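Given the sequences, and given the hints that come with them, work out the whole structure.
One letter stands for each residue in the lines below.
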Amino acid sequence: MNRTDVSKGYSIPPTLISDRYLTWIMMGFLLAVLTFFLLFPVYQICRLSFIKEGMFTLKNYAASFTHPRIFRSLTNSLYVSLVTTVITTVLAFFFAYGLTRTTISGKGIFYTISTFPLIAPSIIQGLALILLFGRNGLVTRYLLQTDWNIYGATGIIAAECLYCFPNALFILYTTLSAVDTRLDEAAQSLGASALKTFYKVTLPPAKYGIASAAALTFNLTITDFGVPVVIGGNYSVLATEIYQQVIGMQRFDLGATISVILLIPSVGAFLLNYYLTKKSYALISGQARPFLQPSRPFKRWAFTLYCWIPSIFILIVFASVFLGSFVKTWPYDFSLTFRHFDFPSLGGSAPLWTKFWASVLKGEWQSIIAYKYAPIWNSLWVSIFVAIGGATLTLLAGYIVEKKKPKGEQILYTLGVLPAAIPGTVMGLGYILAFNKPYFLIYGTFWIIIINIIICNFTLGILSSIANLKQIDKSIEEAAVSLGANSITTFTRVVFPLTKTAFFSNMAFFFMRSMTTISAVIFLISAKVKLAAIEIIFLDIDGRTASANAMCTIIIVIVVGMLLVMRLITGKAGLKGMGTST
Amino acid sequence: MGRNLSLENLTKRFGTLTAVDHVNLEIEEGEFICFLGPSGCGKTTILRMITGFETVTEGNVIFDGKVINDLIPQKREFGIVFQSYALFPNMTVEENIAFGLKVRKMPKKAIAERVDQMLDLTGLRDWRHLYPPQLSGGQQQRVALVRALAPNPQVLLLDEPLSALDAKIRVRLRAEVKRLQQELKKTMIYVTHDQEEALSIADRVVVMEVGQFRQVGKPIDIYKCPASSFVADFVGTSNFFKGLQTVDRVRTEKWEFRVPKSTSLSKEEVFLAIRPEKIEVFKYGEPPSHLEPSNLIPGRIDVVTFLGAAVRLVVNMDGEEVISDVIEKEFEQRQLKQGGGVLLYFPPEAFIIYPSKESS
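If you read the protein sequences in the order shown, they are chains Z and W. If you use numbering that gives the first Met the number 0, the first sequence corresponds to residues 0 to 581, in order. If you use numbering that gives the first Met the number 0, the second sequence corresponds to residues 0 to 359, in order.
The hints are simulated quantities; they were obtained by calculation from the structure and are not laboratory data. The structure displayed is predicted, hence computed values, not measured ones. Possibly wrong hints are sitting among the right ones.
[To be verified] Here are the simulated PhoX-like cross-link-like pairs (lysine-lysine), alpha carbons at most 25 Å apart as the crow flies:
hint, chain 1, residue 1, chain 2, residue 2
1, Z, K277, Z, K406
2, W, K74, Z, K473
3, Z, K499, W, K101
4, Z, K403, W, K74
5, W, K184, Z, K402
6, Z, K298, Z, K206
7, Z, K404, Z, K473
8, W, K101, Z, K473
[Stated by the list, open to error] Output of the computed footprint for chain W on chain Z, the stretches with three or more beta carbons under 8 Å from beta carbons of chain W:
hint, stretch
9, 478-486
10, 492-505
A virtual CB, placed ideally from N, CA and C, is assigned to each residue, including glycine.
Given below as structure tokens:
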């Protein structure tokens with residue numbers, strides 16, 4: 000064969016920018032974004048809390064710890080978080096045990112139901128408990144006719160348990176399904192009793208997983224804003240106290256100080272979780288093939304019953320909020336109505352949407368669709384941007400950290416996983432302090448909200464991108480390069496197609512978070528810029544509980560609709576394994 | 000005029016570890032070179048420096064008279080075949096092969112022609128529309144091979160391409176690679192830790208140890224005249240004896256062998272090496288009389304392993320194990336059997352003598 004017959008005259012086209020510089024430019028960009036939108040706000044909070052009139056001072060801290068209300072918030076926060084952590088971890092552990100170590104039927108149903116809390120704002124738990132056990136609760140007022148109600152610590156703990164359940168469950172499920180069940184069989188064949196096997200063989204390898212689930216639950220509870228704000232009543236916690244001090248009393252300095260105080264347990268729990276997750280994976284990384292021997296009838300029975308308990312609670316939560324948005328006067332008049340979906344005029348408007356519907360519709364429909372539903376349109380619009388932007392940025396960041404490994408990738412990684420450690424309310428306040436200046440043109444627009452949501456949820460995005468990219472053999476990329484492809488071609492033609500599924504599930508995650516998030520963005524909305532999830536809180540505070548339920552229902556419908564679309568696109572459920580590494 | 004590839008004092012350090020240590024080699028156009036060595040000896044690092052995936056610490060990679068140390072991998076136009084195949088799982092066989100051509104923006108028609116040509120080269124035509132996971136390991140590696148060849152690279156580099164395959168397919172593909180190389184007259188650099196593979200396939204073999212070249216030569220020379228006791232041990236099988244040499248005798252702890260004459264008169268510590276097939280085995284008590292008596296040593300057969308045409312014996316010689324291969328016919332004729340007493344004959348001219356300073 001003549002060696003000059005091919006590829007002569009078809010040389011590899013030159014790249015605009017050399018590959019090495021491209022990596023540097025991308026990393027520089029990501030580092031700049033994370034520094035500016037993550038570190039800078041946190042720095043502003045610390046500065047405000049420590050510095051008064053140009054001098055370093057601990058006055059704010061002294062004031063906070065001697066301020067009875069703030070100090071009580073701290074003890075309250077620690078109390079509800081600890082109780083929630085214990086209850087949730089225990090509940091989720093045995094649930095996970097039932098799903099992984101017994102041969103009960105209906106595992107798929109249990110698993111699916113347990114993921115429900117992820118598709119709704121955390122506030123839904125509070126709304127449901129109020130519908131059932133509030134001052135006009137179905138159970139308290141209608142069935143038992145008692146004056147007792149669930150507002151306060153009990154309500155917060157109950158709601159947080161439901162909210163944190165799927166997150167703890169994912170970790171424990173992964174842990175327990177990875178531990179080799181043959182060890183259990185070996186122990187039993189050596190004569191150990193079932194109980195002894197559980198304590199000596201099943202539990203020890205799962206210990207890091209259990210501790211990691213506990214740390215995550217603690218972090219989620221102590222940073223949550225939605226639940227305590229609706230069901231807390233007068234029981235204040237740190238996350239709501241920040242909002243109270245800043246928005247209610249204009250005390251930015253105290254808000255910043257409480258934020259720093261809140262950062263300590265939440266960052267601590269985050270670091271603990273991070274460390275334990277690594278340990279846990281090291282312990283279970285073996286090739287354990289789970290093979291289950293059929294459980295004895297009593298065990299099967301007991302676990303089936305047990306698994307139904309949290310599942311039924313979760314179903315009741317969703318059913319009551321759903322029902323609560325359609326009945327006339329809960330719990331007295333159960334006739335159906337769409338009245339609550341006609342939200343009170345919130346004075347909102349949305350770009351494009353309002354203009355379009357105002358020109359198409361007339362009269363009552365015009366006011367409902369064009370103006371009253373504007374926050375929903377805003378949320379949808381913001382969520383689409385967050386989904387695309389978040390999934391893209393985290394994939395790029397993951398790609399640089401995992402595949403390109405330039406100098407300093409550790410810094411990018413650390414900044415990338417840090418956001419989960421920082422409570423939403425703290426980030427929200429930080430954004431006000433950092434960007435509420437006339438020269439930051441994005442402040443007060445949708446763009447700051449979009450950026451904020453992407454940054455707040457960066458952790459899970461980057462971790463799942465890295466996990467996915469790890470599965471792509473290094474030599475596949477080298478093969479593309481050796482065949483003449485430049486960085487961009489390699490990425491678009493080879494790497495991206497292989498991470499497509501992960502990319503779409505990241506998009507689903509960002510979309511979901513954006514539709515349901517409350518804590519950070521509540522500081523960033525304005526009279527003109529409104530979001531659906533935040534409206535739930537305002538409707539609830541206005542006493543329009545039924546409309547709050549209706550708004551919640553609409554958000555759930557949108558999220559479920561999006562998940563179905565994603566499922567059609569990728570052929571896979573978008574939720575599996577999503578909460579594992581928050 | 001040949002476009003030669005040469006390595007000049009090529010060195011790679013990872014921190015304090017020197018993975019490749021000042022190696023020199025001239026590879027001619029159309030030559031089939033094999034780097035052979037135990038894992039961790041630096042052979043893959045050399046390959047990666049040639050491809051440009053690893054930076055050069057010191058020295059030069061020179062191609063066609065130009066130093067290419069800092070040339071990006073894309074511009075080197077060297078094809079690579081990976082141990083893990085590294086086929087793009089999202090593309091069909093055809094699309095995989097066409098990838099390098101599309102990147103070069105060749106016209107569609109030319110691409111189609113070239114892809115057909117490549118498919119025919121390895122008989123992959125029927126699988127063109129399949130995706131890599133639908134193929135067997137051997138088929139995948141064939142695709143990887145022609146994918147690398149499709150853009151007509153200047154040099155083809157193969158990094159342990161067959162070690163993930165099972166023994167039979169490995170031997171078959173090995174022959175196929177050799178055939179392709181002879182047909183296309185392409186410079187190929189092949190990395191392996193399998194000495195049989197290296198000896199059977201290459202024009203020249205480079206034996207490596209701890210980042211250095213121990214011997215460079217034709218397969219037959221490497222086997223027959225290993226340059227060091229390491230090479231004698233790593234390539235093929237050798238029996239070693241340690242002893243002191245005086246003129247034509249080597250005194251070991253237990254025996255005294257006659258060996259080829261040494262020029263040195265003083266006593267020297269040496270290693271004696273001898274290949275298993277060079278040792279003659281007789282049933283105890285009946286050796287031919289003309290043999291050098293000091294090189295005849297009694298022993299007992301501990302293990303018998305049939306290798307097909309030959310039989311491998313592990314013989315216990317006063318506590319020391321010696322490996323000896325005899326052809327199957329002799330094994331029968333001489334009535335050898337496990338546990339039986341034997342006399343081993345070590346022909347003096349079959350010994351290779353290495354100075355003992357250099358240990359293996």
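Taking the hints in turn, this is what the structure says about them:
{"no.": "1", "hint": "K277(Z) / K406(Z)", "in the structure": "holds, 23 Å"}
{"no.": "2", "hint": "K74(W) / K473(Z)", "in the structure": "holds, 20 Å"}
{"no.": "3", "hint": "K499(Z) / K101(W)", "in the structure": "holds, 22 Å"}
{"no.": "4", "hint": "K403(Z) / K74(W)", "in the structure": "holds, 19 Å"}
{"no.": "5", "hint": "K184(W) / K402(Z)", "in the structure": "violated, 35 Å"}
{"no.": "6", "hint": "K298(Z) / K206(Z)", "in the structure": "holds, 23 Å"}
{"no.": "7", "hint": "K404(Z) / K473(Z)", "in the structure": "holds, 12 Å"}
{"no.": "8", "hint": "K101(W) / K473(Z)", "in the structure": "holds, 22 Å"}
{"no.": "9", "hint": "478-486", "in the structure": "holds (count 8)"}
{"no.": "10", "hint": "492-505", "in the structure": "holds (count 4)"}
Hint violations for this structure: number 5 only, all remaining hints satisfied.
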